[in-house]
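Chains as they are written, first to last, in my numbering: chain A, 1 to 65; chain B, 1 to 65; chain C, 1 to 65; chain D, 1 to 65; chain E, 1 to 65; chain F, 1 to 65.
The hints are simulated quantities; they were obtained by calculation from the structure and are not laboratory data. All of these numbers come straight from a predicted model, not from anything done at the bench. Be careful, since some hints might not be right.
Which copy is meant is left open, so a pair is good if it fits within one copy or across any two.
[To be verified] EDC-like mimics (lysine to aspartate or glutamate), calculated; alpha carbons at most 16 Å apart, straight line:
#: 1; residue 1: K53; residue 2: E37
#: 2; residue 1: K62; residue 2: E44
#: 3; residue 1: K62; residue 2: E30
#: 4; residue 1: K53; residue 2: E26
Number of protein chains: 6
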Amino acid sequence: MPRIIVQAVEGRTLEQKRHLVRAVTEGVVEAFDVAPETITIVIEEIRRDHIAKAGILAADRKAST
Amino acid sequence: MPRIIVQAVEGRTLEQKRHLVRAVTEGVVEAFDVAPETITIVIEEIRRDHIAKAGILAADRKAST
Amino acid sequence: MPRIIVQAVEGRTLEQKRHLVRAVTEGVVEAFDVAPETITIVIEEIRRDHIAKAGILAADRKAST
Amino acid sequence: MPRIIVQAVEGRTLEQKRHLVRAVTEGVVEAFDVAPETITIVIEEIRRDHIAKAGILAADRKAST
Amino acid sequence: MPRIIVQAVEGRTLEQKRHLVRAVTEGVVEAFDVAPETITIVIEEIRRDHIAKAGILAADRKAST
Amino acid sequence: MPRIIVQAVEGRTLEQKRHLVRAVTEGVVEAFDVAPETITIVIEEIRRDHIAKAGILAADRKAST
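Looking at chain A on its own, in the form it has when it is part of the complex (with noise of 0.2 Å):
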């Protein structure tokens, strides 16, 4: 503990990925004074046909969410 799910629409790479985890953490560290080794995350990534706004599934819609 602390662990940190962060949910975001599918499509970064990999790098946007190491980049995330790195820059959260540090934020965790920073507002809580805990050690990075008691910090875990977990990215969830969602498919566009998985996800609606105002009733419209994102892969449905012309601009992207």
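On the provided structure of chain A, position chains B, C, D, E and F as indicated by the hints.
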């Protein structure tokens, strides 16, 4: 916000998912009196070898769950 | 199954929650063609000092989220 | 209810998952004195490039997590 | 990891929760052949006015869920 | 989206939570190159009698988790 997560065993069609996000969004709009644009719905499909009832995986049952 | 989780900022009345579970259940029945008895809905209320947008807690904003 | 979610790094066999849902169901039955039929277990597998400790993805470590 | 989340309607005693985390940990150790120290269990209690089946809140039913 | 959930044992101050949502938002903006307004953060506090490691509740340990 609100954010709605729908967890279901895999196997629904894209048309059923379109119907789902439309119908659930309408239900939340009606009950909470919020604008549709504020409502996000996420669908999480669960594999049949990843869900169990009474200690038996759905994939190992004859009839479906 | 299906299981639906509704996450919303705290502040809805019991009557609104009753309305919500009725309306969302109807939506899922209609879209997925399942019996109402198979549908579970869980409401998760979020405190205003536990949710942030653009890096600012809802509790610290003048207008509500 | 109860519903149990088991989150683990990918890589377990089907036989291990069968064993897991049987053993965890027995544990909940014993502790909460409920019927096995009331217990649902969901397994969530996490990819090694989607989990990080101390700011480093499991996929980028030599030894496993 | 693994991390296990147990969702249950409120009302279990502290002694039942102690029993639960001991019994579920043993089940996961046995099935996945991991050390007990790697296993985290989180209990999430759900209020009876926050869970519904067939469109009716548990708090509004005579018999319990 | 993205949506970030931070799970931590209870006991942080409001000032630490303010710091957290600011720092984590900055980390996600930097890594994913998105506008801060698209980022939601939710904090989930866990009671010490609701989290266990190695089969023992944090509330039952002398030292903290």
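Here is how each hint holds up against the structure:
| no. | hint | verdict |
| --- | --- | --- |
| 1 | K53 x E37 | between (36 Å within a copy, 6 Å between copies) |
| 2 | K62 x E44 | neither (23 Å within a copy, 23 Å between copies) |
| 3 | K62 x E30 | neither (39 Å within a copy, 26 Å between copies) |
| 4 | K53 x E26 | between (31 Å within a copy, 12 Å between copies) |
Consistency with the previously given hints fails for numbers 2 and 3, ordered from lowest to highest.
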